[in-house]
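The listed protein sequences derive, respectively, from chains Z and C. With my numbering, the residue at position 301 of the first sequence is 301, and numbering never jumps. With my numbering, the residue at position 35 of the second sequence is 35, and numbering never jumps.
Treat the hints as calculated values from the structure; they're not laboratory data. Hints are supplied without guarantee of correctness; some may be wrong.
What the hints assert, rightly or not - Sample of chain Z residues at the chain C side, in silico, Cβ under 10 Å:
{"id": "1", "residue": "Y68"}
{"id": "2", "residue": "T120"}
{"id": "3", "residue": "I125"}
{"id": "4", "residue": "N137"}
{"id": "5", "residue": "G144"}
{"id": "6", "residue": "L148"}
{"id": "7", "residue": "R250"}
{"id": "8", "residue": "S251"}
Claimed, not checked - Covered stretches of chain C, going by a simulated chain Z footprint (3 or more residues, C-beta under 8 Å):
{"id": "9", "segment": "61-75"}
{"id": "10", "segment": "98-106"}
{"id": "11", "segment": "132-138"}
Don't be surprised by glycine CBs; every beta carbon is placed ideally from N, CA and C.
Here is how the chains run, residue by residue.
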Amino acid sequence: MRKVAIVGTGHSRFGVRYEVSLAELAHEAVREAIREAGVEAKEIELSVVGNAGGWSSEPLPAVVVNEYSGLSGKATYRVEAACATGSAAIKAAHDAIAAGEADVALVVGVEKMNESPTPTVVEFIGRAGNYFWEFENFGLTFPGYYALYATSYMFTYNAKEEDLCEVAVKNHYYASMNPKAHFPRKISVEDCMRSRYVAWPIKLLDSSPITDGAAAVVLASEEVARKLTDSPVWIEAIGAASDTSNISRRSTYLSLPAAREASARAYRKANIDPSAPAKALDLAEVHDCFTIAEVLAYEDLGFARRGEGYKLVKEGQTYAGGLIPVNLSGGLKAKGHPIGATGVSMAVEIVRQLLGKVEEGRRATVRHGRGLAHNVGGTGHYAYVTIYSLSRPR
Amino acid sequence: MSQRAEIEAWYRKMEEFAEEMKRSVGIPAIIDPRTGATMWYDQRELKLRYTLSIERVKRFFEALGEGKVLATRCGETIMFPPQADCPGGGEAEWVEMPPEGELITWTVINVKPYTFSHYDDYVVGVARMANGVNVLAWIRSREAASLRPGMKVRLKVVRREPEGYLTYELEPE
Numbered sequence: 001m002r003k004v005a006i007v008g009t010g011h012s013r014f015g016v017r018y019e020v021s022l023a024e025l026a027h028e029a030v031r032e033a034i035r036e037a038g039v040e041a042k043e044i045e046l047s048v049v050g051n052a053g054g055w056s057s058e059p060l061p062a063v064v065v066n067e068y069s070g071l072s073g074k075a076t077y078r079v080e081a082a083c084a085t086g087s088a089a090i091k092a093a094h095d096a097i098a099a100g101e102a103d104v105a106l107v108v109g110v111e112k113m114n115e116s117p118t119p120t121v122v123e124f125i126g127r128a129g130n131y132f133w134e135f136e137n138f139g140l141t142f143p144g145y146y147a148l149y150a151t152s153y154m155f156t157y158n159a160k161e162e163d164l165c166e167v168a169v170k171n172h173y174y175a176s177m178n179p180k181a182h183f184p185r186k187i188s189v190e191d192c193m194r195s196r197y198v199a200w201p202i203k204l205l206d207s208s209p210i211t212d213g214a215a216a217v218v219l220a221s222e223e224v225a226r227k228l229t230d231s232p233v234w235i236e237a238i239g240a241a242s243d244t245s246n247i248s249r250r251s252t253y254l255s256l257p258a259a260r261e262a263s264a265r266a267y268r269k270a271n272i273d274p275s276a277p278a279k280a281l282d283l284a285e286v287h288d289c290f291t292i293a294e295v296l297a298y299e300d301l302g303f304a305r306r307g308e309g310y311k312l313v314k315e316g317q318t319y320a321g322g323l324i325p326v327n328l329s330g331g332l333k334a335k336g337h338p339i340g341a342t343g344v345s346m347a348v349e350i351v352r353q354l355l356g357k358v359e360e361g362r363r364a365t366v367r368h369g370r371g372l373a374h375n376v377g378g379t380g381h382y383a384y385v386t387i388y389s390l391s392r393p394r
Numbered sequence: 001m002s003q004r005a006e007i008e009a010w011y012r013k014m015e016e017f018a019e020e021m022k023r024s025v026g027i028p029a030i031i032d033p034r035t036g037a038t039m040w041y042d043q044r045e046l047k048l049r050y051t052l053s054i055e056r057v058k059r060f061f062e063a064l065g066e067g068k069v070l071a072t073r074c075g076e077t078i079m080f081p082p083q084a085d086c087p088g089g090g091e092a093e094w095v096e097m098p099p100e101g102e103l104i105t106w107t108v109i110n111v112k113p114y115t116f117s118h119y120d121d122y123v124v125g126v127a128r129m130a131n132g133v134n135v136l137a138w139i140r141s142r143e144a145a146s147l148r149p150g151m152k153v154r155l156k157v158v159r160r161e162p163e164g165y166l167t168y169e170l171e172p173e
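If we strip away everything but chain Z, and leave its shape as in the complex, we get (with noise of 0.2 Å):
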């Protein structure tokens, strides 16, 4: 298989954008990651456009989006895995690229949630589990999956609500240096502990918002990104894994599998010693669309030990200079979680932490020139791992 680069990256602001249609909002990060990676939209020979939809009116998203930013005619497909979308139109724009079915591909991943009142979008995201056996009869919200996961956490471990709470006070701090971030303000665990209940123990501010946003990438070829650019970021590795769709048929509520088994086979490829990942990484941004789930995924990353999790974040090992910097975009709990972009949008925070080129005071120490995105769909539906790297891969 061929080696695959990013070489172009864009990222709009993330937020309540009612000022800018689907096709605008993704054509600010298509704009920014075409112009970065120096190459011609006719060089462009696929398109992948993640996008989960349904809260937006377009149904046929990639050829709206296409035909806004002069794309029509490419090769072209929407991807949708949940919330993890964004990895999967990764992945198979990396895929096609890897097998030598293109050598210049664009990753666009856009989603614009506010495009239907509050009640709707919680209905439309509460319906994604099993559709018949869960929402039809028992109304699930996602903040209520999640929160099955987070009730047997606390009462297995021992946690409080205030431990899940140092999360979203740790991501807000970075959101308030990053920009682009939906909320870009700084939290306390009074300020978390005070807000409403929305799936009890789960609150308001345990929860990333309901978010537009967009970002993008270019993925190359070995031959062509080394012509495009210097500082090619490498596509290291991708693990991907999958569960049942109910999630009744899971065996525990104290770990997402599939996120297991996709950082194994991630690390497998990457040759990362899973027993101390952390070693071999400069960050990671995981998928904390509520707080419980970002200390899963340190658990599940293999950078706590089992029912640690919690601890790690309150001993501050997951800020940067810690154990293992994690989120310092804000993540899915402050920077926003506009779906089928936020994958897209972990892949571009990434390449530039990597490249340096970040806020300071939200920046990595880069010692191994690697990163990692957890990307997560659903109530564990779909997990990404993916390894993006500085060196060209083996």
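Here the structure of chain Z is known, so what remains is to put chain C in place on it, guided by the hints.
For chain C alone, coordinates are given in the frame of chain Z:
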């Protein structure tokens, strides 16, 4: 005010605003008070209601009328929710779920989806039943604060109101 009433009131406000704008400027414009951005208030409303095929698992729904909750079995593996086909080939057989189980985890749905916004806050939990199979369902009428993992629960057929259809719930003992 119930969540449903709050949502309906909000929709009415939006519609009235759009109607007023159509009269004054000729288009259904909505102005976001925070950003001043102009939006088009969709003039096409979609009514979305699915018809789901249950023919091959009809036995499950018939059994609810007999007060039983059924699962299906392929060899040693019991499947709940029930499915008609064995993943490895062949047709599954019907078996009854035992009523006894232990609570594993739960949540209280405070902010509800639109189509559930007419209910009071409800508790959803997962229990491991005596046959080792998990069931996700509402947990009936119990203060969530008094629930504990490992607590004994019973699987019961109930009529869901106000819709008035048969389904199942978990009841703490």
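* To do: Examine the segment 61-75 of chain C for residues whose CB is less than 8 Å from any CB of chain Z, and state whether their number is three or more.
  => With 0 residues close enough to chain Z, the hint is violated.
* Restraint outcome when G144 of chain Z is required to lie within 10 Å of chain C by C-beta distance -> This hint holds: G144 of chain Z lies near chain C, its Cβ roughly 5 Å from the closest one there, short of 10 Å.
* Evaluation of the interface hint that places I125 of chain Z against chain C, nearest CB under 10 Å -> holds, 9 Å
* Does Y68 of chain Z meet its interface restraint, that is, does its C-beta lie within less than 10 Å of any C-beta in chain C? -> Since the shortest Cβ distance to chain C is 17 Å, the answer is violated.
* Asked: Are there at least three residues in the segment 98-106 of chain C whose beta carbon sits under 8 Å from a beta carbon of chain Z?
  -> As far as the segment 98-106 of chain C goes, the hint holds, because 3 residues have Cβ atoms under 8 Å from chain Z.
* Coverage criterion applied to the segment 132-138 of chain C (partner chain Z; beta-carbon cut 8 Å; 3 residues) -> Coverage by chain Z holds for the segment 132-138 of chain C (5 residues, Cβ < 8 Å).
* Asked: Would the hint on R250 of chain Z stand, with a C-beta cut-off of 10 Å toward chain C?
  -> This interface hint holds because 8 Å falls under the 10 Å limit.
* Asked: Was the hint right that S251 of chain Z lines chain C, CB cutoff 10 Å?
  -> Because about 9 Å separates S251 of chain Z from the closest Cβ in chain C, which is inside the 10 Å limit, the hint holds.
* **Hinted contact T120 of chain Z with chain C - closest CB pair below 10 Å** => holds, 6 Å
* Using 10 Å as the Cβ threshold, decide whether N137 of chain Z counts as touching chain C. => holds, 5 Å
* Would the hint on L148 of chain Z stand, with a C-beta cut-off of 10 Å toward chain C? -> holds, 5 Å
Comparing the model with each earlier hint shows violations of hints 1, 9; every other hint is respected.
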